[in-house]
Amino acid sequence: MVDRMARGKLNASPMFTAVSYTVLSIIALICLLPFIVLLSGAFSSESSVLAKGYWFWPRDFSLDAFKFIFRYPEDILSAFKVSIIITVVGTVLSLFISSMTAYVISRKEIKYRNGLSFFLFFTTLFNGGLAPYYIWVSSNLHLSNTYAVLILGPMFNVMYILILRSFIKESVPEALIESAKMDGAGDLRIFLQMVLPLIKPALASIGVFMILAYWNDWWTAMMFTNKDDLVPLQYLLYKMLSSINLTGQMAQHVTNLDTPKETFKLAMTVIATAPMIVIFPFVQRYFVTGITVGAVKG
Amino acid sequence: MSTKMESRHAAAAVKRRRLSSPSKGVLCELRRHWLLYAMFVPVAVYYMIFSYIPMAGIVMAFKEFNIRDGIFGSPWVGFDNFDYFFQSGKAWLVTRNTIVYNVIFLAAYTIFSIAAAVFLSEITQKWFKKVTQTFMFLPYFISWVTVSAFVYNFLNYEYGIVSRILGYFHLSAIDIYSNTGYWYFLLPFLYVWKWVGYGSVLYLAAIVGIDQEVYEAATIDGATRFQKITKITLPLIKPTMVILILLGLGRIMRGEFDMFYQLIGNNGTLMDATDIIDTLAFRSLMGTADFGMASSVGFYQSVLTLIIILLANWIVRRYDKDQALF
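Chains L and C, in that order, give the protein sequences.
For what it's worth, my numbering labels the leading residue of the first sequence as 1, then goes sequentially.
For what it's worth, my numbering labels the leading residue of the second sequence as 299, then goes sequentially.
By construction, these hints were calculated from the structure, which means they are not laboratory data.
Keep in mind that the hints are not guaranteed to be accurate.
As the list claims (entries may be wrong) - Partial list, derived from the structure: chain L residues whose beta carbon lies under 7 Å from chain C:
{"#": "1", "residue": "A28"}
{"#": "2", "residue": "C31"}
{"#": "3", "residue": "F126"}
{"#": "4", "residue": "Y133"}
{"#": "5", "residue": "W136"}
{"#": "6", "residue": "L188"}
{"#": "7", "residue": "Y238"}
{"#": "8", "residue": "T273"}
{"#": "9", "residue": "M276"}
Here a beta-carbon is modelled for each residue, glycine too, at the ideal position from N, C-alpha and C.
For reference, chain C alone in the conformation it holds in the complex:
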């Protein structure tokens, strides 16, 4: 009996030791699967160098940066950079623009993607479906640099097509590049133009996944086509929609830098209406070399983004656990 007790003691001791020294467990695990861990190393090194170390560089927002001392050697200045950022009057402006544009983008993208997907699912002619989808994907394949050339084609004051068509009807041409109002419509339009092909595929996949028997039952009950869409299709793709919208809202503080920079650039007239957080950060860094401003704007954006993503994910999790990001 005593031997039994002893062995049980010994087993418990071993267990305790294993629990109390996780480092040994880690080493053991690494040794057993060293090759698999070695295969992970390239990506680990990449993200250490290009993500985690720059992440630590976020302390720059609390420093008076100078090139000689580098990010970590420069002197601390507390919240001075933030005082400057918030007193510049830019903070509220770029926050508002970023949120307003992203909300419009997300709403327009969702509506048009769902509409396109619903219509695509109604098409029986295979070739028609293939051709329309092909055209809808085209914009996704080009860069915003090319899009800016398109916009110039259409909206250039002197040679643009819109000016010419207006001229044909004896209307005066619109100078789109010096008029802020048009851009609240134009930017969402271009955003949808570029993304509708992509979005319609997402929603079409959800529609295709709907059980056919539901539609057949509705047909027997004499439902019209329109009723089937509003009473069956739309309610059944709602989960997909909710998830995609929430995940989109999680990115609401991140702007489409490529788009805004290529289409508007440094156009002074449009600046106030179209300045977003990303363009402000870029301009402060590369234009005026205002490191305090650039880093405090970056800090502001990163922290807000993190909070909003966590919040969005928390809601997704409550809605449908499997769809949550983490």
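Just chain L, with the same shape it has in the complex:
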């Protein structure tokens, strides 16, 4: 569609085309460069970084940083486990319950559907602030140091529920639901057997955003956990980056060159970020539709 459109405008200046290609190339390059610097730093030897700093390619290729990390892999493996558990369980639960809710508020026979929608929507307009939330969750609900808080904390997003609602309205014909009801199917069965299969594209799109939200969440862990076996990958990365900064300052006085401090940080960042970058090409399509579907009208 865009290509046809661009062709429709083709009467004009090659100068403008050149500008378009140039500007986009620059933007794309700026977006990509940090990833390249990160990778080349992680695969450089510590001594070359200390001597010459970071660069756009590894000036002295070395796997020392990764070897160092995997000499004591317990922390990272545990963090991987925690991140995978909360991402998988959280995304599946959240997708299922969100779309079930979306189905309910899409049904016209529900008299209070607007009220229910507003009940959800109001939570995005107003909140009690950080302090009551923290105290309520940690000292009243006693959810600190549990998997439950890591999964429940970022679980629902009202916008996603409302997007799923409009998607159901558009892609599930009312007549289909009516006829299923005539045949005696209950709402739960209609939802499970008819609606869910029909909204698969929307589930994939929203699912991508949920996976990202869970995988990149370090905040919930920082607020509500202090046990080592509940540290997800991003929070582990944060702790390592900030504590190595500290020891890095101390290390200026006590020279100890056999731990690769600088490259270690980068290798750790590579490990924490890699899973999302690896799935990225496969989900890019859903990511784009997710943005546009949400923009059409939440």
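With chain L fixed as given, assemble chain C onto it according to the hints.
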């Protein structure tokens, strides 16, 4: 005739009764569609527990909180917490920083997203478009923790690339972490870097939606490419732009906590220039355990946010009713 009158009376009475006892209507509705309402229960319970009850906890701002008595049992102190917050000198500082940064973020994000979208719509090579878009999405997929590692790569005083390049030209290195001025540029830059892929998709969708015949007519009239952009594309995506900007302004009192916390953390030198409402609330709660400060800052932010969102929505509503949030 009298029977007719009677039945009409009876019907009116029934109608009155139905109107006067809504509880019966609610029960009836719930009984008829009990399964659908039951399917709503999980989310309802979730938001009751994780949103509405903490919302009531906002009264904490008017209390001298202690852990033993909890939020609702602690003694009332009126506006003491607010006196403290406003006299600390922090109130104006964090409000100003929050607004200034958000306005810069929104402006930069809008300009770059539209520019990228316009350029993308001019590209005829499919593979080029796909590759550039792929690179532009990458930053969205990583956390701010990772971004902080990137920033360190580039701007670290000793080993950073910027220092090395400056060194190559025999210029002295910049210590970015102890110089506030750079951050007014750096933070918006990183914000745009992370969001431009996302924003360009939004605006590209609006551009794709423009009727092709308008462009064809302009071509016949001999319009140049540049004229088509300024006279057709930009005016026709203005509604999308206005809506997105207004909705962005509605969130102006809410900061990008993740970004500020990860990039700046507790760096004392940068504190005054980069302290926003969210970081102040966080520091008071988790750092100094100053519950009075934390809760009054939270109250201040919540109430202002609500007012501004209502205002923004009211304007959107007047501009285009269908685009309003509610």
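Now the hints, each set against the structure:
1. For A28 of chain L, the interface hint holds, the least distance from its beta-carbon to any beta-carbon of chain C being 4 Å, beneath 7 Å.
2. Because the beta carbon of C31 of chain L sits about 5 Å from the nearest beta carbon in chain C, less than 7 Å, this interface hint is met.
3. The beta carbon of F126 of chain L comes within 5 Å of a beta carbon in chain C, closer than 7 Å, and the hint placing it at the interface holds.
4. Checking Y133 of chain L against chain C: minimum C-beta separation of about 4 Å stays under 7 Å; hint holds.
5. The beta carbon of W136 of chain L comes within 5 Å of a beta carbon in chain C, closer than 7 Å, and the hint placing it at the interface holds.
6. Residue-level restraint check for L188 of chain L holds (minimum Cβ-Cβ distance to chain C is 6 Å; threshold 7 Å).
7. Among the interface hints, the one on Y238 of chain L holds; its C-beta lies about 5 Å from the nearest C-beta in chain C, closer than the 7 Å criterion.
8. At a threshold of 7 Å, the smallest CB-CB gap from T273 of chain L to chain C is about 5 Å, leaving the interface hint in force.
9. Annotation: interface hint on M276 of chain L holds; nearest CB of chain C at approximately 5 Å, less than 7 Å.
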